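Trainee: Take a look at the letters that make up each chain.
2 protein chains.
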Amino acid sequence: MKYVYLFSEGSGKMRELLGGKGANLCEMTLLGLPVPQGFTVSTEACARYYQDGERIADDISAQVFEYMQKMEGITGKKFGDASNPLLVSVRSGSRASMPGMMDTILNLGINDVVAESMAKQTGNPRFVYDSYRRFVQMFSDVVMEMNKKFFDGIIEAMKEEKGVTQDVELDEGDMKLLVKRFKELYAEKMGAPFPEDPRAQLIEAVKAVFRSWNNPRAVTYRRLNDIPSDWGTAVNVQSMVFGNMGNDSGTGVAFTRNPSTGENKLYGEFLMNAQGEDVVAGIRTPQSIEQLAQVMPDVYKQFTDIARKLENHYKDMQDMEFTIEKGKLYMLQTRNGKRTAAAALKVAVDLVAEGMCDKREAVMKVEPRQLDTLLHPQFEPAALRAATPAATGLPASPGAACGAVCFHAEDAVARAKTGPALLVRQETSPEDIEGMYAAQGILTARGGMTSHAAVVARGMGTCCVAGCGAINVDEDSRCLTVGGKTVREGEYMSIDGSTGHVYIGEIPTVEATLTGDFERFMTWADELRTLNIRTNADTPADAARAVTFGAEGIGLTRTEHMFFEPDRIPAMREMIVSSTTEQRRRALDKLLPMQRGDFEGIFRAMGARPVTIRLLDPPLHEFLPQSEMDIRALAEDMGVEHSDLWRKIEDLHEFNPMMGHRGCRLAVTYPEIAEMQARAIIEAAVNVTRDTGAAVSPEIMVPLVGDEAEFRFVKDIIVAAAEDVLAKSGVKLRYLVGTMIELPRAALTADAIAAEAEFFSFGTNDLTQMTFGFSRDDAGKFLSAYYDHKIFEQDPFARFDSEGTGKLVELAVKLGRQTRPDIKLGVCGEHGGDPSSIDFFHRVGLAYVSCSPFRVPIARLAAAQAAVRHGK
Amino acid sequence: MKYVYLFSEGSGKMRELLGGKGANLCEMTLLGLPVPQGFTVSTEACARYYQDGERIADDISAQVFEYMQKMEGITGKKFGDASNPLLVSVRSGSRASMPGMMDTILNLGINDVVAESMAKQTGNPRFVYDSYRRFVQMFSDVVMEMNKKFFDGIIEAMKEEKGVTQDVELDEGDMKLLVKRFKELYAEKMGAPFPEDPRAQLIEAVKAVFRSWNNPRAVTYRRLNDIPSDWGTAVNVQSMVFGNMGNDSGTGVAFTRNPSTGENKLYGEFLMNAQGEDVVAGIRTPQSIEQLAQVMPDVYKQFTDIARKLENHYKDMQDMEFTIEKGKLYMLQTRNGKRTAAAALKVAVDLVAEGMCDKREAVMKVEPRQLDTLLHPQFEPAALRAATPAATGLPASPGAACGAVCFHAEDAVARAKTGPALLVRQETSPEDIEGMYAAQGILTARGGMTSHAAVVARGMGTCCVAGCGAINVDEDSRCLTVGGKTVREGEYMSIDGSTGHVYIGEIPTVEATLTGDFERFMTWADELRTLNIRTNADTPADAARAVTFGAEGIGLTRTEHMFFEPDRIPAMREMIVSSTTEQRRRALDKLLPMQRGDFEGIFRAMGARPVTIRLLDPPLHEFLPQSEMDIRALAEDMGVEHSDLWRKIEDLHEFNPMMGHRGCRLAVTYPEIAEMQARAIIEAAVNVTRDTGAAVSPEIMVPLVGDEAEFRFVKDIIVAAAEDVLAKSGVKLRYLVGTMIELPRAALTADAIAAEAEFFSFGTNDLTQMTFGFSRDDAGKFLSAYYDHKIFEQDPFARFDSEGTGKLVELAVKLGRQTRPDIKLGVCGEHGGDPSSIDFFHRVGLAYVSCSPFRVPIARLAAAQAAVRHGK
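Chains W and X, in that order, are what the protein sequence lines are. Going by my numbering, the first sequence opens with residue 1, and the numbers climb by one from there. Going by my numbering, the second sequence opens with residue 873, and the numbers climb by one from there.
Take these hints with a grain of salt, some might be off.
As the list claims (entries may be wrong) - Stretch by stretch, here's where chain X covers chain W in the computed footprint (C-beta under 8 Å, at least three residues):
(1) 29-35
(2) 736-750
(3) 764-770
(4) 803-814
Honestly, the hints are just simulated from the structure, not real lab data. Note that the structure is predicted; figures quoted are calculated from it, not measured. We put the beta carbon where it would ideally sit given N, CA and C, even for glycine.
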């Protein structure tokens, strides 16, 4: 088994085996560019390392040293040799670039003997000992995980002794002393001397790269970015070139275009007489890349040629690292450059205009999630750089917000009239809706990515940080503490819903702006995609906003949200505590005109676009108060006996409300509720059709169906009510009656259900819960152990579980079409806005996905990418 | 479409179309027996009746009258004709005989004109008007659903007027007057005159039969007996013969063998000068069938010949109705006779001995559920006949019990030392276990067929009536009220767990006895079946009992029950409230020897039979107290801060405990629990193997697995602990590690899981819950509406849902075998003891089912019947 490849043995196509960095080094070698040669230890070696219980097998280390010999042959230097030493850099490189993994070790192969000889040969002992102390520092920090600050402390002490402020002011002797002091520190902390043997240094460095694949930051990053843990990382061993050999040497990084704006102009910086880390460390101020034209015109010319060549070759903006050693240019790395959303759009649009790629290729160059930042306010970059987060919670709904802290919904409503408010709660509940609408942002101490706060905030497009356990909220005293500091009501805080960062004080925000590039780019996405994109919207305002974001219909209107409003909840409660059908009908008669009004607003906003409305879904106890005091107050309000009301609430108690009396089970026990809702929907559709002439197109959706006969029972109620309304109105109207597929049994018996149902909408939230058998509300307590033990790599509520739950979707699609070939198939639920889930939904052949308004552009792009990836 | 068939057009094979009664009338006609001729309206006509919105279509009524004409041709009489009138009986007849459906209307076709003419022709006006008044009475009662007591009242009044006590003492004039008064009553109550037109009478009667198919009693019966509602019923219209034409006429019923004992001797009774209903009404005392030999020797001889002929023909004990009209014998009905369990066994064994059928046929002649009555005490039949139920609950665990009422578990324990105790509780909980063991029977006011009381009682084989809402239990005052009566602690009550009846006072019981017929019959069942039968048992006593009932292993030992015992729960609680792994390990160290002891007992009872032990399954909060007082007491006991304990309990609170932190999720978060249990199991197995030499065969089962990596994680812990124990012991032992398949995702990803799991055990209770998305504890609130609306016909927790949940089982079987062809497949859970579910499990090819000890014989027989039905 071959585990090691020379750069001259590979190509850019071998990303899986050699990682992105390795493959690109090979490709640059193939292109004839000046690349310091070396070899790559493959990702398969990494897999083997873990199989073997985190050790490097003998055959792998043998190959590493065999290739080190080949490298010696190529470079004419010798690893560990005093007279003509080969020093190398060691870097990780997985298929996708990943923060959290081990970065770089430079100058590996140096030791006391080598250094002394190099000092003599180069006649530049300061350079040699500078390189040496850097190596000791990096090896200790990166490989042995010693704390960096120890070394910084030694350097600071040295500068103080010498009375200087800059590293460059330290001389050869100082550097030598630093090496000595570093190694003493190492021996003290590690209980063993610093490894002088270059071979030992190399194997330890390779191990450290492999190990870093599984460090917590990398694991978290993978989970958030859908990267499988079995990919593994490769290790690149490259012969050193030195930018710190004097004033004819230097090092730099550059992008072929501006990564912030996308402008087609070389962008970057360099430092003369420096090694790579100095450029980013900010100790000296680098020069802008154009200035290289003055400093070394030939090298600059050569570099700009290479940059153009690489961009043309990769057909994308490149991010490059280079080093100049004694006037000679070396390319150390190239990769597709990371860029802001605005830059990504501009680059994609420009590349098409320049004829570098076609629309299909361009559409693949923008990460769908990035679009989010274009739709929401962001912090001013400069202000953000100056700020330090006080805590970090879950990035629950993107955007940035800053406002006066309020601890109660009604305070937020009041405060918002005079200035920006930030609603901070232990956790939110449906009664907080008004305050959530009024606030610029929402911060909760408890709850996950799918908590009430998170779901509602995403729906509204309001920035939200959820589950920030580090803040201690005291709602009664109207203050919070975080990291020992207290923030009182009215004081300012700032939150970033894209990163989860929470700041004390005010960070100014800038509004979102959509450019012409956005419009053009999204048009291409729309041309390419086959999935329709709908939105989840419960209000006319949400519906209208979603249409401006490109929604082609509503995939889910939740009718229950309408009943929580203060002017409606009394009638709703009256309905719930009714003892007879007649009482219940009387209460429903009060609700009907309100519901009809809600639907009219939504139909007006959507015109002829399809609007899916789901019948009442949650368990009824959610509409009733739970505390003794509130029950007493309600009993008085309603004029009923306190004990009767209390008993009614007791009766509604359930052991597992998620699996209780909800969804269409409400319609089976109280058919008059479904009848009222169907009537309100069709009456609203008739009225709007009459008023506007638009062919209003309602789709009535029955939730939580598990059986064909159950669906048929509810459908019969709906159809009877609808036909009655239509007959009386004389208006012709097409409406559909369909079902959620959110219980495993609905998927398993989809052939029978499709005989009656005109559409299926996969409720992937509940389907995921039932298939895994855990509830979102409770899973938080044990899922972290699942991530820790790497049992789960993904949160199945964020990324759809295509291996397990997906089989039910595939089965339901197959069975549903078997019975009704033209059945309309869609998804509503959080997964409808997640790019990798959308890829799955495209593959199984659904007609549409539905997501919250602000995710509509993301979904449009993700759908286009799925179409390009898998064909129409 | 042909909807009507003459008796001479059908045969005994046409049960589906003509119902059991109709098919048997055809068959008897084919056999040349003296059957009054007529026709059958088919079950398809019944289906059509419901399709058409509960009306009889014109083409069906046209066929009915066409066949009435044919019948007139055969009998030489004319329907509705005054000079030579044809009178008919109308009876329902579905495929399976079903209580609750309309029974019989005799003498249909009579009216004032016909009666007068008949009176003249027969010269027996008393007979004619007696027949007439019977018809008016039956038609009003059965067809028009008028209350029977009105008519009884009129007869009683008449007898009083006349100063007589017996119906037979009423003369011709009295009968005539009765007809008049009956018809007046009818007109008054119905608001329309009694129908004189025989054709209208007939069509109304046919409708009434069809209607009765869906009356509540019939619907309930179907649900309890697995009869699909789309079967429908047929209607039999037969020309009347009259047993009430004088002393040379009569009517009777007889069985070819004794239905109580199975003795091979004609058994039955008859009445001279009577119509069928008189025999059962008990107004006159019927004579035993042998006495017919004296009364009418020729008829008796003819009847015994026919009885023998029918038994030989049907190869089963027959239940026959006959009428003698003026010395001539007519057969009105024959069917396989209902019989007691003891009789069923004796008949089956005798039929084989007599060469009438083979073992395969014999095994099909006993209803598996019937065996239950042989294993449990029953009420003395005479005492039972004299008793009236005070209330009826759910028949949760079979058998009869009688004892002094106790309202607390500890009272039952105390009372049981001196005499029989009956434990009555609002509902039971795990702390009541001791009292449940001590009591003769258990009665609860709340809870369903799968409530704690029901499940535990079935496991123990103790009689239980659950969810008896009519009793009002006041545990504090130690009394209950039912139907206005109060029963105090110590007073006697009796309950029948097979019927759900609850009686005030003492009804003596007789112990269960198993006969030699039972042994012989079960041996045949064992020869035929391919499914193995295991038992669910948590104690050595249960395990030993199950072995005597024929259990071939244990399919489920729940380890959590062991932790509820008073000497163990402190260590369990200590384990739960531990804050560190070390504290938890210390508590687990205390539990280990206790667990090991439990397992040793079970292994000793089972010898080399396989024993499946499930790791800890329930959420941890179940082991902690919930009330403020109990929490305080526990905190004191444990020497921990009350607030700490309270917070711990708060932390364990879940919104949906069924979908929460339980099952193998406990092992993922606290691996040391699984490790302790694995160690205890293997140590116990080693000890028992050493002591007894038996090849103890433990199967360690991981609950609630949803993912391959999750199972692998837990398996690794188990195997490491097991191998450590084995290595130290030096004993060789084979053990398996497998998983429950009880989450949809486990079934969907069974191919992956089978790579690691050595066996699958389908946990059909939880699988049903997750697939339907409703919890057993909560579904009671809405399932009754589902039965009322005929959305569900079966309780999916009692009868396995083969259409929906079954697809997951089939898939898991297929995928599991794909990866591991020899994977061991079984079922544990309530369905493992249900005959129709067992039929399904046989068909999908499982290796075993496991059920509570008392259901083992039922399962053995059901498995044999499945094998006969579907082949091996």
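Trainee: Take the hints in turn and mark each one as holding or not.
Mentor: Consistency of the hints with the structure:
{"no.": "1", "hint": "29-35", "verdict": "violated (count 0)"}
{"no.": "2", "hint": "736-750", "verdict": "holds (count 6)"}
{"no.": "3", "hint": "764-770", "verdict": "holds (count 3)"}
{"no.": "4", "hint": "803-814", "verdict": "holds (count 5)"}
This entry does not satisfy hint 1, going by the numbered hints stated previously; all others are met.
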